[in-house]
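Undergrad: Construct the entire structure; sequences and hints are all you get.
Next come the chains, spelled out residue by residue.
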Amino acid sequence: DTGVSQNPRHKITKRGQNVTFRCDPISEHNRLYWYRQTLGQGPEFLTYFQNEAQLEKSRLLSDRFSAERPKGSFSTLEIQRTEQGDSAMYLCASSSTGGRGEKLFFGSGTQLSVL
Amino acid sequence: GENVEQHPSTLSVQEGDSAVIKCTYSDSASNYFPWYKQELGKGPQLIIDIRSNVGEKKDQRIAVTLNKTAKHFSLHITETQPEDSAVYFCAASSYNQGGKLIFGQGTELSVKP
Numbered sequence: 001d002t003g004v005s006q007n008p009r010h011k012i013t014k015r016g017q018n019v020t021f022r023c024d025p026i027s028e029h030n031r032l033y034w035y036r037q038t039l040g041q042g043p044e045f046l047t048y049f050q051n052e053a054q055l056e057k058s059r060l061l062s063d064r065f066s067a068e069r070p071k072g073s074f075s076t077l078e079i080q081r082t083e084q085g086d087s088a089m090y091l092c093a094s095s096s097t098g099g100r101g102e103k104l105f106f107g108s109g110t111q112l113s114v115l
Numbered sequence: 001g002e003n004v005e006q007h008p009s010t011l012s013v014q015e016g017d018s019a020v021i022k023c024t025y026s027d028s029a030s031n032y033f034p035w036y037k038q039e040l041g042k043g044p045q046l047i048i049d050i051r052s053n054v055g056e057k058k059d060q061r062i063a064v065t066l067n068k069t070a071k072h073f074s075l076h077i078t079e080t081q082p083e084d085s086a087v088y089f090c091a092a093s094s095y096n097q098g099g100k101l102i103f104g105q106g107t108e109l110s111v112k113p
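Chains as they are written, first to last, in our numbering: chain A, 1 to 115; chain B, 1 to 113.
Don't take every hint at face value.
Between beta-carbon pairs, the in silico distance windows are [as the list claims (entries may be wrong)]:
1. A/Ser87 <-> B/Arg51: 32 to 42 Å
2. A/Lys71 <-> B/Pro113: 46 to 56 Å
3. A/Arg9 <-> B/Gly55: 36 to 46 Å
4. B/Ala70 <-> A/Thr13: 41 to 51 Å
5. A/Arg15 <-> B/Lys112: 40 to 50 Å
In silico DSSO-like links for lysine-lysine, alpha-carbon gap of 30 Å or less [stated by the list, open to error]:
6. B/Lys37 <-> A/Lys103
7. A/Lys103 <-> B/Lys42
8. A/Lys11 <-> B/Lys37
Chain B is faced by these chain A residues, among others (derived, beta-carbon under 7 Å) [stated by the list, open to error]:
9. Gly42
10. Pro43
11. Phe45
12. Tyr48
13. Leu55
14. Glu56
15. Leu91
16. Glu102
17. Leu104
18. Phe106
19. Gly107
20. Ser108
21. Gly109
No wet-lab data here; the hints were simulated from the structure.
From the three backbone atoms N, C-alpha and C, an ideal C-beta is built for every residue, glycine too.
TA: Written out as structure tokens, the structure is:
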């Protein structure tokens, strides 16, 4: 399977703990996006990378959130001091900047529950 | 920034009927409009997309239309089948803004056998 891979699929944590999610994009894709989705809503943009550079961060990404893509391949999203309001599905997507195409392909997401 | 509105929020049809979902967008710079299908516990799956230089695109039972002047676009599914039941999202993006997608709120489509 050469699609976008996210781990773990589910994460349950206690309020105040730190959590880290991993995303492995489609191998030839140079752009990588993080989104957050709550129940009954569309995905909301958090941040994106082109290669290893983080080019944009949403105001939704508070200081407790940090994302990295150190070698321009996989990416991690860390949430420090989790709050109950952080409970959501965290989705990763990747795309290629080749041509005019910006088709985003999504992984299956990491479902975070903060107790 | 861009804002995408999607209607209806729920849609129930009989198998074999057609389904239409509509979206409006606010930013005239948006030039790419994909549609995603999301099944329970899965990530969104791209089903069809259209660019601003095209008015209509069709892929088997699925078609999308775009009216740039009115800033709205629609998804049409014909001959619906129970496996079409899912949540559908429209989205909009602008190539010169990094390609990030702004999504609508979603439409839960139920196809009754």
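Undergrad: Does each hint fit the structure? Answer for all of them.
TA: Do the hints match the structure? See the list:
1. A/Ser87 <-> B/Arg51: 32 to 42 Å: Check passed, 36 Å falls within 32 to 42 Å.
2. A/Lys71 <-> B/Pro113: 46 to 56 Å: holds (49 Å)
3. A/Arg9 <-> B/Gly55: 36 to 46 Å: For A/Arg9 and B/Gly55 the Cβ distance comes to about 40 Å; the hint holds.
4. B/Ala70 <-> A/Thr13: 41 to 51 Å: holds (46 Å)
5. A/Arg15 <-> B/Lys112: 40 to 50 Å: holds (42 Å)
6. B/Lys37 <-> A/Lys103: holds (14 Å)
7. A/Lys103 <-> B/Lys42: holds (18 Å)
8. A/Lys11 <-> B/Lys37: Between A/Lys11 and B/Lys37 the Cα gap is close to 24 Å, so the pair holds against 30 Å.
9. Gly42: holds (3 Å)
10. Pro43: Holds - the Cβ of A/Pro43 comes within 7 Å of chain B, reaching about 5 Å at its closest.
11. Phe45: Holds: closest Cβ of chain B sits about 5 Å from A/Phe45, inside 7 Å.
12. Tyr48: Since chain B brings a Cβ to about 6 Å from A/Tyr48, closer than 7 Å, the hint holds.
13. Leu55: Holds, about 6 Å.
14. Glu56: Hint holds; A/Glu56 Cβ to chain B Cβ min 6 Å, cut 7 Å.
15. Leu91: With Cβ-Cβ at 6 Å, under 7 Å, it holds.
16. Glu102: With a closest approach of 4 Å, the A/Glu102 hint holds.
17. Leu104: Constraint on A/Leu104 satisfied, holds at 6 Å.
18. Phe106: holds (4 Å)
19. Gly107: Constraint on A/Gly107 satisfied, holds at 5 Å.
20. Ser108: Since the shortest Cβ distance to chain B is 5 Å, the answer is holds.
21. Gly109: Holds, about 5 Å.
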